[in-house]
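Residue numbers (my numbering), protein chains in the order written: chain D, 3 to 480; chain C, 720 to 824; chain W, 5 to 497.
Incorrect hints may appear among the rest.
Stated by the list, open to error - Under the rule of at most 20 angstroms between Cα atoms (straight-line distance), these lysine to aspartate or glutamate pairs were calculated in the EDC-like manner: (1) D:K216 x D:E121; (2) W:K261 x W:D299; (3) D:K320 x D:E110; (4) C:K744 x C:D756; (5) C:K744 x W:E293; (6) D:K248 x D:E237; (7) D:K248 x D:E193; (8) W:K417 x C:E743; (9) C:K744 x W:E357; (10) W:K413 x W:D150; (11) D:K411 x D:E394; (12) C:K744 x W:E343; (13) C:K745 x C:E767; (14) D:K380 x D:D355; (15) D:K261 x D:E193; (16) C:K745 x W:E357; (17) D:K220 x D:E176; (18) C:K745 x W:E420; (19) D:K346 x D:E309; (20) D:K385 x D:D355; (21) D:K261 x D:E309; (22) W:K286 x W:D307; (23) D:K131 x C:D806; (24) D:K448 x D:E429; (25) D:K220 x D:E252; (26) D:K131 x W:E343; (27) C:K744 x W:D150; (28) C:K744 x C:D729; (29) D:K261 x D:E237; (30) W:K417 x C:D753; (31) C:K726 x D:D274; (32) W:K286 x W:E420; (33) W:K292 x W:D257; (34) W:K417 x C:D756; (35) D:K472 x D:D355; (36) W:K490 x W:E38.
Hints were generated in silico from the structure; no laboratory data involved.
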Amino acid sequence: MAYEVVIGLEIHLELQTCSKLFCGCGTAFGQEPNTNCCPVCLGLPGSLPVFNRRAIELAVTAALALNGDIQEESRFDRKNYFYPDLPKAYQISQFERPLSRGGCLQIEVDGNRREIRLERIHLEEEAGKLIHSGDSIMGSEYSLVDYNRAGIPLLEIVTAPDIASGREARIFLEDLRSVLLYSGASDCKMEEGSLRCDANISLRPAGSENLGTKTEVKNMNSFRSVEMALNYEAERQENILAAGGKITQETCHWDEEKKITVPLRSKEGSSDYRYFPEPDLLPLALDSSFIKNIAASLPEMPAARRERLKEQYGLSSKEAVLFTTNRQLGDFFEAAAQTYSSYKNLAGWVQGDLMYQLRESGRSIEEIDPLRFVELLKLLDKKDINRPVAKELLAEMVLNGTSPEKLVKEKSLGRISGSDRLQPLIEQVIAENPAAAENYRRGKDKALAYLVGRAMALTAGRADPGELTKLFKEQISR
Amino acid sequence: MSVDFSKEVDYVAALARLTLEPEEKKRMAGQLSDILDTARRIRELDTEGVEPTSHVINLQPVLRDDETRPSLTLNRVLQNAPRRQRDFFRVPSITANRQPEGAGE
Amino acid sequence: MKLYEQTAAQLSRLLQKKEVSSVEVVQSFLDRIEMVEPYVKSFITHTPAMALDMASSADSRRLNGEEMNPLAGVPIAVKDNISTAGLRTTCASRVLENYIPPYDATVIRALREAGMPLLGKTNMDEFAMGSSTENSAFYPTRNPWDLGRVPGGSSGGSAVAVSTGMAPLALGSDTGGSIRQPAALCGLTGLRPTYGRVSRYGLIAFASSLDQIGPLALTAEDSALLMNVIAGHDPLDSTSLPEAGPDYASGFDGNVKRLRIGVIRENVSDHFDPEVTSAVLKAIALLKEHGAIIDEVSLPLTDYGLSAYYLIAPSEASSNLGRYDGVRYGFNAGGDNIEEMFSRTRGRGFGPEVKRRIMIGTYALSAGYYDAYYLQAMKVRTLIRRDYESAFRRFDILIGATTPAPAFKIGEKTSEPLQMYLSDICNITDSLAGLPSLSVPCGINTDGLPLGMQLTASPLNDSLLLKVAGFLEQKRDPLPLRPVVKLPEGGVI
Ligand SMILES: [Mg+2]
Ligand SMILES: [Zn+2]
Numbered sequence: 003m004a005y006e007v008v009i010g011l012e013i014h015l016e017l018q019t020c021s022k023l024f025c026g027c028g029t030a031f032g033q034e035p036n037t038n039c040c041p042v043c044l045g046l047p048g049s050l051p052v053f054n055r056r057a058i059e060l061a062v063t064a065a066l067a068l069n070g071d072i073q074e075e076s077r078f079d080r081k082n083y084f085y086p087d088l089p090k091a092y093q094i095s096q097f098e099r100p101l102s103r104g105g106c107l108q109i110e111v112d113g114n115r116r117e118i119r120l121e122r123i124h125l126e127e128e129a130g131k132l133i134h135s136g137d138s139i140m141g142s143e144y145s146l147v148d149y150n151r152a153g154i155p156l157l158e159i160v161t162a163p164d165i166a167s168g169r170e171a172r173i174f175l176e177d178l179r180s181v182l183l184y185s186g187a188s189d190c191k192m193e194e195g196s197l198r199c200d201a202n203i204s205l206r207p208a209g210s211e212n213l214g215t216k217t218e219v220k221n222m223n224s225f226r227s228v229e230m231a232l233n234y235e236a237e238r239q240e241n242i243l244a245a246g247g248k249i250t251q252e253t254c255h256w257d258e259e260k261k262i263t264v265p266l267r268s269k270e271g272s273s274d275y276r277y278f279p280e281p282d283l284l285p286l287a288l289d290s291s292f293i294k295n296i297a298a299s300l301p302e303m304p305a306a307r308r309e310r311l312k313e314q315y316g317l318s319s320k321e322a323v324l325f326t327t328n329r330q331l332g333d334f335f336e337a338a339a340q341t342y343s344s345y346k347n348l349a350g351w352v353q354g355d356l357m358y359q360l361r362e363s364g365r366s367i368e369e370i371d372p373l374r375f376v377e378l379l380k381l382l383d384k385k386d387i388n389r390p391v392a393k394e395l396l397a398e399m400v401l402n403g404t405s406p407e408k409l410v411k412e413k414s415l416g417r418i419s420g421s422d423r424l425q426p427l428i429e430q431v432i433a434e435n436p437a438a439a440e441n442y443r444r445g446k447d448k449a450l451a452y453l454v455g456r457a458m459a460l461t462a463g464r465a466d467p468g469e470l471t472k473l474f475k476e477q478i479s480r
Numbered sequence: 720m721s722v723d724f725s726k727e728v729d730y731v732a733a734l735a736r737l738t739l740e741p742e743e744k745k746r747m748a749g750q751l752s753d754i755l756d757t758a759r760r761i762r763e764l765d766t767e768g769v770e771p772t773s774h775v776i777n778l779q780p781v782l783r784d785d786e787t788r789p790s791l792t793l794n795r796v797l798q799n800a801p802r803r804q805r806d807f808f809r810v811p812s813i814t815a816n817r818q819p820e821g822a823g824e
Numbered sequence: 005m006k007l008y009e010q011t012a013a014q015l016s017r018l019l020q021k022k023e024v025s026s027v028e029v030v031q032s033f034l035d036r037i038e039m040v041e042p043y044v045k046s047f048i049t050h051t052p053a054m055a056l057d058m059a060s061s062a063d064s065r066r067l068n069g070e071e072m073n074p075l076a077g078v079p080i081a082v083k084d085n086i087s088t089a090g091l092r093t094t095c096a097s098r099v100l101e102n103y104i105p106p107y108d109a110t111v112i113r114a115l116r117e118a119g120m121p122l123l124g125k126t127n128m129d130e131f132a133m134g135s136s137t138e139n140s141a142f143y144p145t146r147n148p149w150d151l152g153r154v155p156g157g158s159s160g161g162s163a164v165a166v167s168t169g170m171a172p173l174a175l176g177s178d179t180g181g182s183i184r185q186p187a188a189l190c191g192l193t194g195l196r197p198t199y200g201r202v203s204r205y206g207l208i209a210f211a212s213s214l215d216q217i218g219p220l221a222l223t224a225e226d227s228a229l230l231m232n233v234i235a236g237h238d239p240l241d242s243t244s245l246p247e248a249g250p251d252y253a254s255g256f257d258g259n260v261k262r263l264r265i266g267v268i269r270e271n272v273s274d275h276f277d278p279e280v281t282s283a284v285l286k287a288i289a290l291l292k293e294h295g296a297i298i299d300e301v302s303l304p305l306t307d308y309g310l311s312a313y314y315l316i317a318p319s320e321a322s323s324n325l326g327r328y329d330g331v332r333y334g335f336n337a338g339g340d341n342i343e344e345m346f347s348r349t350r351g352r353g354f355g356p357e358v359k360r361r362i363m364i365g366t367y368a369l370s371a372g373y374y375d376a377y378y379l380q381a382m383k384v385r386t387l388i389r390r391d392y393e394s395a396f397r398r399f400d401i402l403i404g405a406t407t408p409a410p411a412f413k414i415g416e417k418t419s420e421p422l423q424m425y426l427s428d429i430c431n432i433t434d435s436l437a438g439l440p441s442l443s444v445p446c447g448i449n450t451d452g453l454p455l456g457m458q459l460t461a462s463p464l465n466d467s468l469l470l471k472v473a474g475f476l477e478q479k480r481d482p483l484p485l486r487p488v489v490k491l492p493e494g495g496v497i
């Protein structure tokens, strides 16, 4: 039997605020342990939470960017469970009335457009961090707790079970990250834990409407491992089903080393979180002007930009994807395109030589002046310089910010052309390479290329190779 | 219509993370059953269409500006720690049972 | 008259006229504490050095001509569930026996700014759960009117400290009667302010949607002076009301003419102790005599209110008390793994009443029971609010007994949680509705025990309650301000 894979994702991301969700402690990553803590985020007896306005704005921004329906009144609930990284033994979260319902993200998988629907988006607080003794969590003798992270605003995004493969999950996450970066809500650094993803995955006979028994996969620490873990888990489930077995509903851990999913033992069956409305926080009513203002200030989102780049500049799908995923690169392209209209050529240079030079030099795209870059392309178009020189100038410009035009003048790197300037050079090269000249005369075409190469070398690449070829031919056949 | 509460006591005590001595459990079962019998009386009231009151105040919550304020010094953070190791709170093994619910719930 | 025998208002006047210093005042109370405390056990922590220190700084601020609160230099005792920076705050629980908060509650900051010396932290029922102060993990507090009886609770320590002249004023907290009930049983004025009127920041939570800090005092005027210090908006408490609050101490003009008073049928009941009922009726007659318009009102949901309260408060408590897990602070019973440590720490750290309520609350919130118990209780709460709203369209204040009976004997109700819960029957519905409510003395029974009357107003009308209480103090037959404490070995203090 053929199966289809059904995946729903639950994404947690830290919002980019200066202070925590309910207290004034800082949110910077990598601080000394337990130094960003106060009575509120340590859950000391008697402490009370107060909303951070910016966290709410960013949450609304992200939800709007994902086409969510912002709820005029949302409410905060306590999710009760015991864990040493949870200071109050409850997480302030949203259960019955989330900040936003619905929403969707358009993604492109192998040229096909797909819509992934969202169930809900809500705001909650981050927990602290555990450091386990020994090599791994299993068999660890004791753990150490750092509450610096506790209380950082966290956005939870839950998708509908609309994702059909590990690869699709990965593309969805990449696109989601772009949207969130565009909206400025989060820095989405998976390596610092500011974006995390859990998945629910099940299989069903192709074409069936019913959902099969699902498993939950956790501990996937990169987009790549999301793809691998879900592919692995899908295959594992398919093998069980094909052999006539049954899937057990359970939570699995992705083992990054062994590249397998490992079921976690759970003692008490399903969790009973005893949600109830948080009495310390009044319900949050968002008036429509607050929402409208944020909506009006939203930048263009990646999907829209992708389409516009294709339309406006005639870029290929691949180029448009690159210039949206790498937002700064896209911004650079568009800035340069203001004063340079050969878009295809521009796009080629940006994604080719410019990106190469950025990698080589360790510079970032924000450091490069798009006008200088256009200068260079124009010099090339006017044939004032040729390609090898252009590449040299580009390297110099990326590294030191030097103006290509100025450099051309200073180092007299301009192209040498015209028979009056080239004739002496031709004669010199023939005099120095009589054998090659003789070979060409006898019909060996390769010898001509050699002579042209010599002439180019003598002028450090500045001579016009086309004109050189013509002049050599005339000179030798005479 | 008294309900025998002894079955529930074990489940609830586990959920609330309370070790109860056998004697305590027995007494608790009886008392909880009495208390809940009384509490159950509220079911007599017709609350069809009545909104629950979780807050007696109908106000907009206070919103704070996104500004940092000084955190506690490390000594103050750790001054009450029952078990401390270097600059951390120390807890015994978390692996014996239960899944780590905390991870991104 | 000795300084410790003065009311806070009298001390305030003496201090403002510089007839006495705060150090002298504090010393007088410290001496009194030394004499009386062994018999009543009001305090968990004594802070004599700190009190004298704060007193001398209040004195020098006053001598420097600084503009000061009228209560500057008047000392105070504070219930031990209010966080004091650097000073042990236990909630009368083993769990917090050695806990030292690194921060001050907002009310403590207010007391410090006002220049009120802190005499110590007072005994209470563990985590404020109880009505007799017998649930303290350390020792019970005794009622000074009869040392064999309870002082009420949970703010029993605060009540007794004021009642015996060990402190002129005290702070208590009221979740479902914990200020008013001990005030009634100890012959004091106790005010539960409008919910949100006094900041809860730093008050160790029992049931967050119900908890309020308030004054315990000898007179309405003293209560008003203390309200002027502690009431107001606090940006650290999201449920704090935005208004600044009136001057509670002004307008004690002794006029109740045309005041519309509703007598709550359920709280002036045949089922109550007859002496309680007759004392309340006498006070009502006095109000009527002076021009108040008296009529009867029924709050038929009172019984259901008790049931709702004993679901809502434990539910919130079960969540609020989850944090006592032995990780960051407090008692830790050890264990080989985290689950063992959690359960052992909590099982051994909490007393029986606290565990009982955690169990009820956990049950009421757990899967499958939430709708029938917790949610239904919250809906009943709505019905109760509606009842009050309609009552306050007809009346300015509602009136009844504070407790069905005077102070009961120590040990009398400890094995019967339900009987204990019933002693708060008159105090619970207004708590559920977030209303200001006050207990004022209205008599002494034939055994020499004080009796209290409860006045309730609509939200933010705390000052009206104080005015009516002040009127009753002036017009009723005089009552003794304090008991003569009969010592077990004979003699009195
Ligand atoms: Mg979550
Ligand atoms: Zn903090």
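Would the hint linking W:K417 and C:E743 be met if the CA-CA limit is 20 angstroms?
It holds: about 18 angstroms lies between the C-alpha atoms, which stays within 20 angstroms.
Between C:K745 and C:E767, does the CA-CA distance stay at or below 20 angstroms?
violated, 37 angstroms
What's the verdict on W:K417 and C:D756, does the C-alpha distance respect the 20 angstroms limit or exceed it?
holds, 19 angstroms
C:K744 paired with W:E293 [C-alpha distance capped at 20 angstroms]:
violated, 56 angstroms
Pairwise hint evaluation, D:D274 against C:K726, where the allowed Cα distance is 20 angstroms at most:
Judged against 20 angstroms, a Cα distance of about 17 angstroms means the pair holds.
Straight-line alpha-carbon gap D:K261 to D:E193, limit 20 angstroms:
Holds, because 18 angstroms separates the two Cα atoms, which is no more than 20 angstroms.
Keeping to a limit of 20 angstroms between CA atoms, is the pair of D:K131 and C:D806 held or broken?
holds, 13 angstroms
Holds or violated: are the alpha carbons of D:K320 and D:E110 at most 20 angstroms from each other?
Given pair D:K320, D:E110 holds - Cα atoms ~11 angstroms apart, limit 20 angstroms.
Given the hint that C:K744 pairs with C:D756, does the C-alpha gap stay at or below 20 angstroms?
Satisfied, since the Cα-Cα distance of roughly 18 angstroms is no more than 20 angstroms.
Does the alpha-carbon distance linking W:K490 and W:E38 stay inside the 20 angstroms limit?
holds, 16 angstroms
Between W:K292 and W:D257, does the CA-CA distance stay at or below 20 angstroms?
holds, 17 angstroms
Please work out if C:K744 and W:E357 have their alpha carbons no farther apart than 20 angstroms.
holds, 13 angstroms
In this structure, the earlier hints numbered 5, 7, 13, 21, 22, 27, 32, 35 are contradicted, and the remaining ones agree with it.
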